[in-house]
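According to our numbering, the sequence shown is numbered sequentially starting from 1.
Restraint-style ranges between C-beta atoms, simulated for each label pair:
1. G39 / D62: 27 to 35 Å
2. G95 / F23: 30 to 38 Å
3. P56 / G14: 36 to 44 Å
Note that these hints are calculated values from the structure, not bench results. We treat Cβ as the ideally placed atom computed from N, Cα and C, and that holds for glycine.
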Amino acid sequence: MHYNTGWAYGGDDGYSYSVQYNFAPSNALAQTSLSAAIGDGLCACGIRQYRIRPVPNGPDQDINYGWNYIGAYPPSVYDLHMTSVTAELDVGGNGQSGYMTLNVWFWG
Numbered sequence: 001m002h003y004n005t006g007w008a009y010g011g012d013d014g015y016s017y018s019v020q021y022n023f024a025p026s027n028a029l030a031q032t033s034l035s036a037a038i039g040d041g042l043c044a045c046g047i048r049q050y051r052i053r054p055v056p057n058g059p060d061q062d063i064n065y066g067w068n069y070i071g072a073y074p075p076s077v078y079d080l081h082m083t084s085v086t087a088e089l090d091v092g093g094n095g096q097s098g099y100m101t102l103n104v105w106f107w108g
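Can you make the complete structure from the sequences, with help from the hints?
Here it is in structure tokens:
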């Protein structure tokens, strides 16, 4: 097993920030965590999209997520054929800031 880590920072402007990690088809688990949330208001993160390639020489297939009933993306995803993952950090516009971490673990 091995892993890779990426991160995103955003603050005080009401925008979204994302980090994307692409790799060869792998048995992988991706997980986000909110490392810091500063200020009053929105500061949330999660998996916005991941891609899989279930057929070795076939095309990638996108798996997209929208906001769920509590106003967030799923915090983790797992697939035997994952090729990419995109995590998003959403920050409000009233003085908030935050840091998001994306970890991806691989089993070979």
